[in-house]
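Using the sequences provided together with the hints, build the complete structure.
Those sequence lines, one after another, are chains W and Y.
Under the numbering used here, the residue at position 24 of the first sequence is numbered 24, and the numbers go up by one with no gaps.
Under the numbering used here, the residue at position 253 of the second sequence is numbered 253, and the numbers go up by one with no gaps.
Treat each hint with caution, since some may be false.
Straight-line Cα separation of at most 27 Å, BS3-like style, residue types lysine-lysine; simulated pairs [unchecked claim]: (1) W/K300 <-> Y/K317; (2) Y/K144 <-> W/K138; (3) Y/K300 <-> W/K142; (4) Y/K328 <-> Y/K317; (5) W/K317 <-> Y/K24; (6) Y/K338 <-> W/K112; (7) W/K328 <-> Y/K259; (8) Y/K189 <-> W/K189; (9) Y/K317 <-> W/K24; (10) Y/K300 <-> W/K112; (11) Y/K112 <-> W/K338; (12) Y/K142 <-> W/K138; (13) W/K24 <-> Y/K259; (14) Y/K144 <-> W/K142; (15) W/K300 <-> Y/K142; (16) W/K300 <-> Y/K145; (17) W/K300 <-> Y/K112; (18) W/K328 <-> Y/K189; (19) Y/K138 <-> W/K142; (20) W/K300 <-> Y/K167; (21) W/K189 <-> Y/K328; (22) Y/K24 <-> W/K328; (23) Y/K144 <-> W/K300; (24) W/K138 <-> Y/K138; (25) W/K89 <-> Y/K338; (26) W/K300 <-> Y/K189; (27) Y/K145 <-> Y/K167; (28) Y/K317 <-> W/K144; (29) W/K144 <-> Y/K142; (30) Y/K328 <-> W/K24; (31) W/K338 <-> Y/K338; (32) Y/K300 <-> W/K138.
If you are wondering where the hints come from, they were derived from the structure by calculation, not from laboratory data.
Protein chains: 2
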Amino acid sequence: MSDQMSRITLARRPEGAPVPDDFKFETCDIPSPGDGEVLIEVTHLSLDPYMRGRMDDSESYAASVELGETMTGQGVGRVLESKADGFSKGDTVTGMTGWASHAILSGGEARKLDDRLPPSTALGVLGMPGLTGWAGLKLYGKPKKGETLVVGAATGPVGSMVGQLAKAEGLRTVAIAGGEEKCRIATEKFGFDAAIDHHAHDSAESLRDAVSEAAPDGVDIYWENVAGPLLEAVLPLMNQHGRIPLCGMVAWYDGKNIKDTNQLPSVWRAILVNRLQVTGFISFDHFDRMDEFHEEVGPKVANGEIAYLEDVAEGLKNAPEAFIAMLKGGNTGKQIVKL
Amino acid sequence: MSDQMSRITLARRPEGAPVPDDFKFETCDIPSPGDGEVLIEVTHLSLDPYMRGRMDDSESYAASVELGETMTGQGVGRVLESKADGFSKGDTVTGMTGWASHAILSGGEARKLDDRLPPSTALGVLGMPGLTGWAGLKLYGKPKKGETLVVGAATGPVGSMVGQLAKAEGLRTVAIAGGEEKCRIATEKFGFDAAIDHHAHDSAESLRDAVSEAAPDGVDIYWENVAGPLLEAVLPLMNQHGRIPLCGMVAWYDGKNIKDTNQLPSVWRAILVNRLQVTGFISFDHFDRMDEFHEEVGPKVANGEIAYLEDVAEGLKNAPEAFIAMLKGGNTGKQIVKL
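Structure (structure tokens):
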């Protein structure tokens, strides 16, 4: 153990795709843990797409990395010195160490690892990406046997978790990945029913044809971590009542190749960053609840608790005119034609 | 009762906003009901924004109206002749009569009305629009006391239902409406806490400032029936975990003023038409389930039931390069840096 540690800081904010000069390798003294803290020697560092967002200074779900600050990130390491209850020298732990050889964490920020599995699994399959796939599929994907799931970056730690869990639930699983080798891994290692090499398609339309062929019954779950042309390809193939768990949009992280007039990336980003839920629905789907609605709301309309307002046009002949005006907001209240 | 009936058919498909010549007023013989059917004399016809979509020949959640066909629509009327069980001459009923003075409906397509309320309420407050507001708020808006709801077209039958139900649940309710008179109605008749006249704002930014002032704690539910500049105004004001029930996008129905490069309207339309659910989420929000995740998935990783793949770069110094490559899809499997 040297008295010096190394770390990588954010040297400047990237324009588009990050380049090496956006980062700076530095050395500094190893700090000492205070009360309730542990000093960790990092053995494995996780690199994740979300880190790209932290390099910008725009508002996101977590604070930006400041210029000159150590790049944020999860690491695994050994405890060198512990002043925190429950941690001893030599323990293998994980926590937000940043891109650094050593880190100080409070006891609450560090988590001890099960020694039966390789420590690096705490960064991937059993770490944040694995949890993302597991929780998002359960809560927002709501997989049902016989349905079809499409996932991009399918050999990555999120995509491969989602694909395997969905397959185990009896779904048809379609992988999108970049290159023949990844496609082979997707089907052979991760059990996807089909894999599509997006490098082999130079347009969203061409990609759509391939997805359509691989998903002959349409798509029920599109796991969104890529966006861009993949979203464009898959969206028209979605079945009714499909779900789109949105946890990333790597194709748009750079902010490049987005036309100013295209509002979709910023809306998609707002949905992601603020964890919004957008649900399309049609009243016709809920006509089976008409009786329940009338039981609950009918008496309130009758006693005036729920007010209503009607705008009445006279005569069938005037229906087109009233309709045209209504679309422009010319009516006040529910537009009715009295015959 | 004459032997002739009148109806309004679709004469041609509108380009942009509908004009009178898109419709045709016609007369024809009154048909006779067959077995199981009723003949209805229509007294009230409902006009609803969704009808605009039926005039196009693009795929939607329901079939287009064909050229020369009677415009689709819900009506209320009296039974003139019944050959259906459970219906008698003189009954007041509602059903999809179309834009016509008379209609034949099967017994299953007609619904008898409660005579204690004006029959026209079956088209608005207690009809499809009211049901839309009631079911959508309950199922997708998920209102919680103390939250803030924003709704456009707030004096319309959907918006006014949503606003009143939300207010009764203890939410702050903000109306968007066109004109001072509608704003007065929104607060005085429908009890909205604030009302904003969108005619008084010539940009999404200006509208946003007004919404922001009326919703000082941010927006938890944005009831989407308008889209366009209103969506642009409200979206950045959404609180985390906000909900956007999407049941209309009247600002975009015409297909005009949408730039080809703007993918948002077509994505929004796909979400609506196919009743999709898009949910943004962040794994950090689910860290409290890490133990549950490990209990369920950990053993499967240990026994190989869940496969995983790691791409390991060596040395902290190489982290930036590995990160840059990963964003371009250069890694295969979970990207880790071994220190």
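Margin query: Taking the earlier hints as the rules, which of them does this structure contradict?
Written below: Of the numbered hints given earlier, those the structure breaks are 1, 8, 13, 28 and 31, listed in rising order.
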